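Work the whole structure out from these sequences, hints included.
Each protein sequence line maps, in turn, to chains A, B, C and D.
The numbering used here applies: residue 1 is where the first sequence begins, and numbers increase by one.
The numbering used here applies: residue 1 is where the second sequence begins, and numbers increase by one.
The numbering used here applies: residue 1 is where the third sequence begins, and numbers increase by one.
The numbering used here applies: residue 1 is where the fourth sequence begins, and numbers increase by one.
Don't read these hints as lab results, they were simulated from the structure.
Computed from a predicted structure; not experimentally measured.
Some hints here could point you the wrong way.
Since copy identity is lost for identical chains, a pair holds within one copy or between any two.
Unchecked claim - Below, computed lysine-lysine pairings styled on DSS-like, alpha-carbon distance capped at 27 Å:
id, residue 1, residue 2
1, K2, K313
2, K334, K72
3, K69, K313
4, K313, K330
Protein chains: 4
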Amino acid sequence: MKPIVLYDPSPRTTQDIFQPHVYKNFCDEFNVVERGNEDSSNFYTAHLPTADYIVGQPSLPTELLTSAKQLKALVNVESNFLQNMDYQYCFRNQIHVLTVSPVFAQPVAELALGLTLALARDIPKAHCDFVEGCEGYGLEANQNAMTINRCNLGFIGFGDLGRAILKAFDGLNPSVSVFDPWLSSELLHREGLQVASLDEVLQTSDVVMVVASVTEDNAGMLGATHFAKMKPGALFVLMSRAEVVDFDAMLDACHSGRIRAATDVFPTEPLAQDHRARTTPNLILSAHRAGALESALFEIGDRTLADLRLMAKGLPPQNCKRAEHELVGKVRSKPVDKS
Amino acid sequence: MKPIVLYDPSPRTTQDIFQPHVYKNFCDEFNVVERGNEDSSNFYTAHLPTADYIVGQPSLPTELLTSAKQLKALVNVESNFLQNMDYQYCFRNQIHVLTVSPVFAQPVAELALGLTLALARDIPKAHCDFVEGCEGYGLEANQNAMTINRCNLGFIGFGDLGRAILKAFDGLNPSVSVFDPWLSSELLHREGLQVASLDEVLQTSDVVMVVASVTEDNAGMLGATHFAKMKPGALFVLMSRAEVVDFDAMLDACHSGRIRAATDVFPTEPLAQDHRARTTPNLILSAHRAGALESALFEIGDRTLADLRLMAKGLPPQNCKRAEHELVGKVRSKPVDKS
Amino acid sequence: MKPIVLYDPSPRTTQDIFQPHVYKNFCDEFNVVERGNEDSSNFYTAHLPTADYIVGQPSLPTELLTSAKQLKALVNVESNFLQNMDYQYCFRNQIHVLTVSPVFAQPVAELALGLTLALARDIPKAHCDFVEGCEGYGLEANQNAMTINRCNLGFIGFGDLGRAILKAFDGLNPSVSVFDPWLSSELLHREGLQVASLDEVLQTSDVVMVVASVTEDNAGMLGATHFAKMKPGALFVLMSRAEVVDFDAMLDACHSGRIRAATDVFPTEPLAQDHRARTTPNLILSAHRAGALESALFEIGDRTLADLRLMAKGLPPQNCKRAEHELVGKVRSKPVDKS
Amino acid sequence: MKPIVLYDPSPRTTQDIFQPHVYKNFCDEFNVVERGNEDSSNFYTAHLPTADYIVGQPSLPTELLTSAKQLKALVNVESNFLQNMDYQYCFRNQIHVLTVSPVFAQPVAELALGLTLALARDIPKAHCDFVEGCEGYGLEANQNAMTINRCNLGFIGFGDLGRAILKAFDGLNPSVSVFDPWLSSELLHREGLQVASLDEVLQTSDVVMVVASVTEDNAGMLGATHFAKMKPGALFVLMSRAEVVDFDAMLDACHSGRIRAATDVFPTEPLAQDHRARTTPNLILSAHRAGALESALFEIGDRTLADLRLMAKGLPPQNCKRAEHELVGKVRSKPVDKS
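Here is the structure:
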């Protein structure tokens with residue numbers, strides 16, 4: 001009697017999230033019922049009453065969920081939490097609501113570190129200049145170069161991404177300050193981190209790392225007045241969501257030379273061909289490439305299977321992240337198209 | 001009675017290596033006799049007999065040195081050891097022969113880390129594509145992307161630069177192997193590093209980091225047969241001297257797509273405008289920009305003054321690096337023009 | 001309208017767990033209703049309907065809990081989970097069930113490290129011998145001494161205590177293996193830890209660290225056959241609960257000289273005056289002193305207040321540990337008397 | 001033609017410093033001429049002219065040394081530098097003067113950490129009380145217990161031992177200050193350490209770690225006025241030499257309860273049976289047991305052979321420590337009897 005898993009990964013595909021041998025184990029160890037092209041409402045109406053787990057992120061109105069008498073967990077493999085199901089019902093019924101988002105933390109962290117060093121040392125422009133035959137050598141080409149070792153590194157937002165980024169910076173001995181209104185000061189203090197106001201982070205940091213989620217409160221929270229508070233020449237690295245900043249103000253601050261920035265996210269993606277960001281100086285562009293590595297996507301399957309195994313043994317999940325009943329409604333997630 | 005320092009920093013300049021307040025302290029605390037435009041031979045003939053220290057890297061034949069009865073140290077601020085003086089005479093007379101090369105270790109390490117991540121995530125090309133309006137988003141643009149965390153990192157050469165680079169990688173948890181015929185296996189083992197042959201480094205590393213000095217033995221030591229041994233898709237980062245590799249063979253290996261490489265050094269600098277390296281794919285170019293940061297050059301003055309102060313108190317120097325009588329003749333240094 | 005907190009810390013006391021200024025803040029920011037000597041059933045019957053939080057660990061049968069319509073969290077300040085309330089009811093009603101047990105992790109970790117080094121270097125006996133005038137000097141007194149650096153450190157159980165201990169060992173570069181049937185192999189692998197069977201841990205470790213909780217399955221799990229598998233002269237450090245081992249078998253293994261052990265826990269506490277453990281050689285004795293430091297107890301108040309504040313702002317608790325619905329019934333906790 | 005090594009390890013013995021297979025390699029790879037019981041003067045007169053290396057620490061007056069035309073290095077396996085030879089002659093003739101003292105750094109560091117934790121948690125007394133049947137349990141027994149995590153750790157002296165100790169403390173996240181008049185502030189700053197005066201170290205540290213060598217200047221440097229400056233209840237750990245402190249003043253400070261101390265060294269060894277240190281409270285006693293572990297002594301042979309091999313290949317030694325011409329006369333070493 002293998003546990004029943006309703007499998008409905010769209011918009012992701014099996015081939016993206018499972019290595020073949022992992023998928024085989026998944027199918028061997030569980031009774032996997034895949035939705036495929038079947039109508040979603042029909043599929044869930046038919047199968048929810050006997051399902052132990054869902055792997056997917058279907059629209060599940062409360063009335064459907066109430067039929068899910070065996071359901072123990074839902075693993076969201078899109079990695080976000082859209083407002084398409086009754087999360088509170090799940091919490092009340094001890095149904096774990098899980099997301100695979102931790103698979104993206106390490107790739108995002110490495111890109112954040114890479115972009116920071118790319119800014120500090122102007123790696124993309126130096127390369128482009130070389131290709132074009134106009135490179136400068138040595139000191140001449142290093143007029144704005146800076147070292148990162150022992151710099152002040154300020155975080156705006158400090159969730160899982162922030163922690164992964166901080167670990168990646170470990171070899172560069174940063175002095176760290178954190179602004180995150182959702183985090184407990186006591187927690188940060190115990191970890192030896194400096195709790196700071198938003199202004200303190202902006203005013204004292206050599207590198208400002210933005211990994212804040214978008215909430216109902218913080219859209220456009222970083223505007224011209226904020227960039228004006230940054231140290232001249234400081235680096236600004238935007239890794240979470242473009243909506244957190246006033247994008248034009250950020251481009252202005254780069255254009256003026258006051259700051260140098262790198263961004264992996266944009267107000268619209270793809271960005272308009274004539275968008276000024278494409279020609280703004282002191283700006284490194286990365287087209288939403290932080291997390292979506294083949295290896296990270298395969299880890300979705302790995303973590304999903306690992307947690308299904310644990311739960312099937314009566315243990316709590318340990319590889320995916322759990323939704324919090326206090327927060328699940330506060331973060332404005334977007335559907336995944338390209339990531 | 002302040003100690004007498006003969007000061008002759010050329011090809012470096014005071015303005016490059018001393019911040020004004022440090023230079024002021026230097027002149028206040030020591031009797032600084034600057035050569036300026038005076039003929040070198042005349043200058044040293046006149047002043048060596050009473051000099052306590054030299055800051056510079058003059059040609060000093062043995063007969064001149066023998067007159068230096070008070071000399072306690074020579075600080076080479078060019079940061080190399082050309083064969084232009086009788087080093088063995090210095091060693092025999094307990095004259096410290098020092099170089100400021102450690103000032104470059106941290107900037108080089110950060111660029112080495114930055115170039116590694118730039119390769120792993122194709123940061124320069126992704127930026128250039130974005131500027132040109134042909135960027136791909138997300139997974140589509142990450143076909144060759146890889147994470148560095150827990151990778152096999154192999155060093156070819158492991159002196160001060162290698163150590164600084166390893167520290168910079170600390171947040172990425174590498175498994176490290178080292179090939180360096182000048183280093184004691186026992187030393188590396190005590191530090192938890194894997195001692196490896198050259199072939200082992202090439203065959204097992206995800207990232208090959210080249211920081212070997214050029215000696216009489218190793219010119220062109222890395223050729224086509226060596227690149228053929230590397231793991232497909234592995235990264236090759238050349239930070240020390242172009243002479244260590246067969247540069248064409250490296251470009252071939254990039255061109256074929258077998259490896260991806262980044263280099264900060266070139267067979268000739270500036271590189272010919274029509275050199276094929278400029279258009280070789282899978283190659284990131286950096287024009288000898290690793291060490292020559294303004295902050296690093298200022299650290300030359302800082303370390304020089306710090307060690308002069310220690311020696312004036314009868315203590316050994318601790319901020320500059322000492323020449324080794326066994327090695328000083330083995331490394332083929334080049335004069336600094338641009339760095 | 002301050003949130004209502006039912007405050008019933010017994011067997012702990014306000015003076016033990018709150019520094020005065022923290023207690024003052026607690027009372028200022030919350031409407032604290034203390035049980036004092038009032039009959040528990042009467043107290044909770046009267047106050048549960050309007051309570052927002054409970055700080056304490058009362059017996060709460062289901063019928064009482066159903067009246068707690070406002071209840072958002074219960075903070076267990078005894079730090080265990082006795083079977084005296086309907087935890088599942090809490091989970092179903094999104095009432096956080098929290099424990100302050102994390103306050104003990106750091107003190108326990110430091111004692112675990114201290115006892116390991118005390119065993120490795122025979123610190124207590126060396127001191128006692130000196131007091132008694134029979135000390136040996138130098139090598140003569142170091143016949144069984146060993147270094148811990150780069151040793152094999154094996155964990156039996158690897159929860160919060162294990163993690164804190166591992167961090168404390170960070171300066172000693174251990175090679176770590178973990179046996180913990182409740183933990184996901186994937187999780188441990190991602191952290192670079194070696195997943196091992198119980199036998200592998202016993203056979204390969206220079207230091208065996210026992211931090212497993214007592215469950216229905218593992219009472220007496222480590223017996224004579226297990227000690228026989230350990231490396232001769234290996235160290236055994238028992239930090240969690242005496243019930244995990246066959247205590248007599250452990251004493252036999254110490255007595256024979258096969259292993260050296262340290263224990264902070266005993267089958268009965270206080271231990272009988274004539275218990276053989278008191279005179280067993282190769283054994284260091286610590287009378288349940290690992291966690292109960294004044295500073296740790298004060299941290300109970302700090303973390304409790306910090307989490308109440310977060311929850312009052314609509315945020316999830318971050319300083320106390322949450323009960324897991326899968327595990328809360330599996331661990332056999334004991335009431336706190338002395339700790 | 002194997003290089004000739006004069007081998008004269010007394011007061012150490014071959015069996016103490018060489019594992020058999022290492023000794024075999026030593027004899028296979030080098031022409032080992034052992035002094036044995038031969039008269040020292042005769043031995044060196046006969047063999048110095050053809051010797052490449054000396055392993056030992058003989059009395060070598062200048063006139064004997066001048067005959068040593070081939071000599072490239074002397075490896076002092078006693079690990080100190082007595083004033084029994086013309087060191088300056090060696091320096092002038094590029095003869096490396098090496099000591100095996102680094103073999104003791106790790107064992108000393110681990111004991112220093114162990115003693116610190118033993119003090120912080122009163123491990124020896126807790127054990128003795130248990131043996132004697134008068135143990136207290138839990139909080140009752142922890143009245144003076146403290147945690148070390150994130151404490152202020154102050155070093156008096158910061159040579160190789162200090163560095164090894166700091167690494168061993170890595171898992172306890174200390175804030176570090178250093179008083180060492182022989183060290184460059186710039187060096188310490190680059191490593192992120194706080195440079196402090198002696199008074200600052202005493203006044204601000206929770207743990208004072210003494211690893212200063214004895215020089216002509218610092219005998220008895222830490223007296224009653226210094227202990228009076230320490231924080232009440234702070235820990236004082238003496239690892240280098242008893243001569244650095246006014247031992248009676250230290251015992252007074254322990255007796256009064258102002259500080260708690262641990263010491264591995266004593267004004268005379270063995271200490272008089274009726275010395276008050278034996279009964280001073282708040283004091284942990286260790287009979288010069290820090291370095292002399294069997295494994296450390298064997299490492300003497302390992303490092304000696306490793307460096308002989310390097311030098312025989314024309315490379316500088318890397319495993320032993322080199323004498324500095326500025327310092328070799330300043331440290332007051334003692335002959336090894338028991339260590």
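Cα distance capped at 27 Å. Does K313 pair with K330 within a copy, between copies, both, or neither? Between copies, since 13 Å is at most 27 Å while 32 Å is not.
What label fits K69 with K313 when the C-alpha limit is 27 Å: within, between, both, or neither? Only inside one copy: K69 and K313 sit 19 Å apart there, 33 Å across copies, limit 27 Å.
One pair to classify: K334 and K72, alpha carbons no more than 27 Å apart. Within, between, both, or neither? Result: close within a single copy only, 25 Å intra versus 30 Å inter.
Between copies, within a copy, both or neither: which fits K2 and K313 at Cα up to 27 Å? within (12 Å within a copy, 43 Å between copies)
Comparing the model with each numbered hint stated earlier shows that all of them hold.
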